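Chains as they are written, first to last, in UniProt numbering: chain A, 1 to 149; chain B, 1 to 572; chain C, 1 to 624.
Hint data in this document are derived by calculation from the structure and do not stem from the laboratory.
Remember, predicted model here, so these are calculated numbers, not experimental data.
Here a beta-carbon is modelled for each residue, glycine too, at the ideal position from N, C-alpha and C.
Please note that a few of the clues may not be correct.
[Claimed, not checked] Here are the simulated BS3-like cross-link-like pairs (lysine-lysine), alpha carbons at most 25 Å apart as the crow flies:
1. Lys28(B) <-> Lys330(C)
2. Lys140(C) <-> Lys97(C)
3. Lys129(B) <-> Lys505(C)
4. Lys330(C) <-> Lys131(A)
[As the list claims (entries may be wrong)] Partner residues are not named here, just some residues of chain A that face chain B (Cβ under 8 Å, in silico):
5. Tyr31
6. Glu34
7. Gly47
8. Glu48
9. Ala49
10. Lys50
11. Tyr52
12. Ser53
13. Thr56
[Unchecked claim] Away from chain A, derived, C-beta distances all over 10 Å, residues of chain C:
14. Gly126
15. Arg324
16. Ala582
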Amino acid sequence: MRQVLDTILSEHTKKSEIIPILQAIQKEYRYLPEEALCYVAKKLHVGEAKIYSIATFYENFSLEPKGKYVIKICDGTACHVRRSIPILEALRKKLGLSEQKKTTDDMLYTVETVSCLGACGLAPVLTVNDKVYPAMTPDSACELIDTLK
Amino acid sequence: MTDKKHMIIDGQIVNFDKEQNILAVIRKAGIDLPTFCYYSELSIYGACRMCVVEDEWGGIIASCSTPPRDKMKIKTNTPQLFRYRKMILELLLASHCRDCTTCPKNGKCRLQELALRFGIDSVRFENTKKEAVVDDSALSIIRDSSKCILCGDCVRMCSEIQNVGAIDFAYRGSDMTVSTAWGKPLAETNCVNCGQCASVCPTGAIVIRNCTQKFWDAIYDDSKRVVVQFAPAVRVALGDEFGLEPGTNVAGKIVGALRKMGVDEVYDTTMGADLTVMEESKEFVKKYKAGKKLPLFTSCCPAWVKYAEHEHPELVEQISTCKSPMQIFSAVIKEHFKQVQEVDGKETVVFAIMPCTAKKDEQVRPEFIYEDGSRDTDGVITTQEFASILKQAGIVFEDVEPEAADMPFGITSGAGVIFGVTGGVAEAVIRRVVDDKSNNMLHNIAYTGVRGMEGIKEASIPYGEGRVKIAVVNGLANAEKLIEQIEIGEAEYDFVEVMACPGGCIAGAGQPFTRMEGKKERAKGLYDADKLSQVKRSEENPVMMALYGGILKNKTHELLHVDYNKREEVAK
Amino acid sequence: MIHNVRELNKFKNQYKKSMEAQYKKVLVCAGTGCVAGGSLEIFERLKQLTEEAGMPVSVELKKEPHEEIAFKKSGCHGFCEMGPLLRIEPFGWLYVKVKPEDCEEILEKSLKGDEPVERLLFHQDGKAYAAEEEIPFYKKQTRIVLSNCGHTDAEAIEEYIARGGYQAVAKALFDMKTDDIVQEVMDSGLRGRGGGGFPTGRKLQQVAKQKEVRKFVVCNGDEGDPGAFMDRSIMEGDPHKMIEGMMIAGIATGAHEGYIYVRAEYPLAVKRLQTAIAAAEKQGLLGDNILDSGFDFTLRINQGAGAFVCGEGSALTASIEGNRGMPRVKPPRTVEQGLFGKPTVLSNVETYANIPMIILNGSDWFRSMGTENSPGTKAFALTGNVNNTGLIEVPMGTTLREVIFDIGGGIKNGKKFKAVQIGGPSGGCMTEEHLDMPMDFDSLKKKGAMIGSGGLVVMDEDNCMVEVARFFMNFTQNESCGKCVPCREGTLRMLEILERIVAGKGEREDLDMLEELADMISKTALCGLGKTAPSPVISTMKYFRDEYLAHVVDKKCPAKNCQAMKRYVIIEEKCKGCSKCARQCPVNAISGEIKKPFVIDADKCIKCGACETACSFGAVTEQF
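For reference, chain A alone in the conformation it holds in the complex (with noise of 0.2 Å):
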């Protein structure tokens, strides 16, 4: 891990950059590991709980372990107008999350909500891994996930 943390800081070497950094540990980890944080804290002089607050604040940010894929609904307007919700419904029953749980326990999905992701157009979209995909419905949001496997 050292060695993929020092790696980002020789990119990003400064305390203004702490959003790339956090951002360069999730894409790598697929979430943000407190020991990754804690090193990044201590390497930039910023304070741990200011690290945390950072983390916490922004959505994108997952301080848990996220699915092999992630798969989020959005929920923007046109999305939401065009019956969103169903969809978010059908996959939580199928697999078995609810808005507390998001990820599986076998670390294979992670459903979420997102708030809008300018896909208006296609309402309502939801993306796995940040493919989108068009005009779902609950049948075929569940298809889909078949076909993940």
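Following the hints, complete the assembly by docking chains B and C onto the known chain A.
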């Protein structure tokens, strides 16, 4: 009309000059506009929105963050504003613990006070009070985030003034909390126990650990000899709790009251300060003459010591090996009663009434706990706790007759008493080391620049062939600034006094809370005590001579100093 | 490397020739929407087929002219509803909803031959539209900012320059004094496209007069409004235009460093911007001594990390500085102390994209479009229950009717128009009575809405306005930074009340409380987003009070949307009394005598719908 720059506040003309915001002008006009998140020492946060006022076009503006403009007209108490403030209070209360009577902050809570002031008689929202989440891992500070109203005062205090940053905001929106990193217990963080967070916390979310029961238990334990020492800064702040003029010196009343409660021996920590002056001066002169690495940093403030251990382990060896006055004095007291103890069989317990919350932590540092489990100091009580002890005892403080402290430690010097204010330690040490012992010199020392409420002060005094360069800082962020300057070679000093609390011990977190004006009055109270003191210099205190010739013979290192190595271990 | 203006012009003419030599161009939309629909597979397949047919194919603009068919990935065409889109030039044919299996026919007819594939053209009311420009969706638009989107290769700086790109920078550097630039923008009347509508010229002027040496130009690409994607399309489809605008702002104000803050949800935009910046740097159009003028300018991209509030100026700069994105109190204003405490020009993507054209064509040209106080055009994202969703650009002052019915093609499935939400969670809704009102900054503000970043979400008769208000309140509440009490606690309580109302548990007093809270929040919240958080509630309560009353008084949802209001009832006339429903009911809520109509006990009913499915006579029905 007036030619000066002025505002018209509720129809009243109020001049302004250097005020940064209209809130300051409004307060100057004698209107106590309510706020939760405004402290002139901290950056402007503007979150509570209680201080909103109406401008002449009906616009609503936050007075804390709006600079005054000439001829600006504002209203501070329209029905609309009143409605908004009430609603804000109602919203805060809706998600807040309302068990006021059992809250440690009862009677001193700003939320409670404002709810009363605005007549909030019901809360129309669902009660979404959070479960109490108490972190009592630390010895000084207890946090209950369920009582937090997120004004951010503690966060800004901790990072802006103290540069510690042990706590910060976490999460956002209605999930936002004030938290340590990963919600760790405070005791496991870099918190230095200065307690300044608690002093600005408007509610019971951050409070100081209460040790009053321990004190009462000792008083009513016949097998114990209860000895109390009280710090210099306590005497000029305690009066606040009893409606006395700010800065009133109540040292005599403290002694009288403690005797009334059945305390066996009452001493003034100023004596311990005198010993610190003796030892620290000796150490400084020795290092200075030997050309050792300087500056020598003072060690009186345990929050500073802890800060250095966390953030600047490389500086720890430059911190004076002297124990703090409290610890020095406790050690001497214990030593003094050793023989008596053998005779009467009573265990000597020392309680210290302190302006400080970090002392609660210092008192149980491993260095100060001996092999037999005994300690130098057995209990630390803050000024505020002492006030509540007096109230519990039903003592009418105003009526207590002043008395003098007990002998053989009852004589103290003016140099020791000014320890309670920023610059005091430095001034006392200067008095000790300069060769010129004239009154004129004494006067000159006061004007070298060591006095005053500025965060970083400098002074230089002639010594031997050259001059000794001295810096005095209060607030750990200022200490950090100074250290940085020293590090990059921008500044060079021989002696540096560091006090964590802004203004020094007079504004310690154990004291009744006060703002700048109050701090100045307290400082004046101590300087006045110095003026009235017959003994101005520590070395002239006859008790010193008796001690060095008596119980301290061959024991100065053991009793008055503390081992560095252990400290570094703690830091690790 | 382009060293000076002479070389810029040479470069331009050279690539212009190359462009003209490409005798046919296939532009496949590579915007987020069409990519999601599979446009890149179509691109690859058609290209491969064409190559296999032995025709000259090129995917990049070459320095020397070649007779060939160009394949380009373009930015968003805007007609996302019809995606994936493919345009064939020089004919201007637009193929809609293209599938990979259409490629053979396209190759045969349109690339080998010169005729359109009739069935892939856009059809409306039985009419086929060959030319893109003739389609009603486009015909009523005035695409200025979006002019290149869909028409050029978004990733090729050569094409941008060949079409006159970076000429505005050259003009600003060599033919104008900085004061003139500021004056030109001021005269144009350009107002910030990100929401507030602050005059951009004034912003430039204020930053220009600051004495600080270090200044910044920051582009707000944190388009967080749900239902808005104008800025994304510009960043994806024509990144250089925006970059050029930022450079001109830098020249005018003496700033040499620029930051673009892009939402993390826009990975394609980030990629295109990175490509564009790298290309501009390679050509010397970014960096030191640009075009030998002595002017230096660098650009950096910062990605957001998921916080709507970072669209607020001071929160955005806080985020770039590496802090929590919490707005701070003002003053000091951003123009005085913005990013890193330095004077900062902070505008959004669309605003910057307008600047090069104003510099090149002059303020009079710009003023010839739009209204007196809101000149120019505005891009809108038209979404919701409208036939033609997508990205559009119209002159300011265009009416809602023109946008929704002429361009948008009316309401989906022949439903009745009910309202349109303008400006996202900070905006309000407009109704039937506002259809003929011109859309510009001031008219909308008067009606309690705002252009915001330009999201238009169309709602039909089936949308419950209380639920819409709840949705937006849920959004703002979720996205509240938590700093000030009115927004943090107030929106929470408003949401609580709205949730109660849509759950059929609201009371009349709740409406008063909503209004009281809305008033307090809008007056006392710390930042603009907090102040406007109650707007959707205020405007829906104003225009659809009946709907609110129906929810709280009659416990009914007129739009038949709120599930909690749903009741299952048995129609007496249809019920045969077979008891099948009663046997299926999991909570024994149905009772009755055989062969007589059964009844459902509404108090026991859990609305599972088992009875409705069970009934063979259609006697069980939902009622709202």
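Verification of the hints:
| no. | hint | in the structure |
| --- | --- | --- |
| 1 | Lys28(B) <-> Lys330(C) | holds, 22 Å |
| 2 | Lys140(C) <-> Lys97(C) | holds, 22 Å |
| 3 | Lys129(B) <-> Lys505(C) | holds, 22 Å |
| 4 | Lys330(C) <-> Lys131(A) | violated, 40 Å |
| 5 | Tyr31 | violated, 13 Å |
| 6 | Glu34 | holds, 6 Å |
| 7 | Gly47 | holds, 3 Å |
| 8 | Glu48 | holds, 4 Å |
| 9 | Ala49 | holds, 4 Å |
| 10 | Lys50 | holds, 5 Å |
| 11 | Tyr52 | holds, 4 Å |
| 12 | Ser53 | holds, 4 Å |
| 13 | Thr56 | holds, 5 Å |
| 14 | Gly126 | holds, 24 Å |
| 15 | Arg324 | violated, 4 Å |
| 16 | Ala582 | holds, 27 Å |
Hint violations for this structure: numbers 4, 5 and 15, all remaining hints satisfied.
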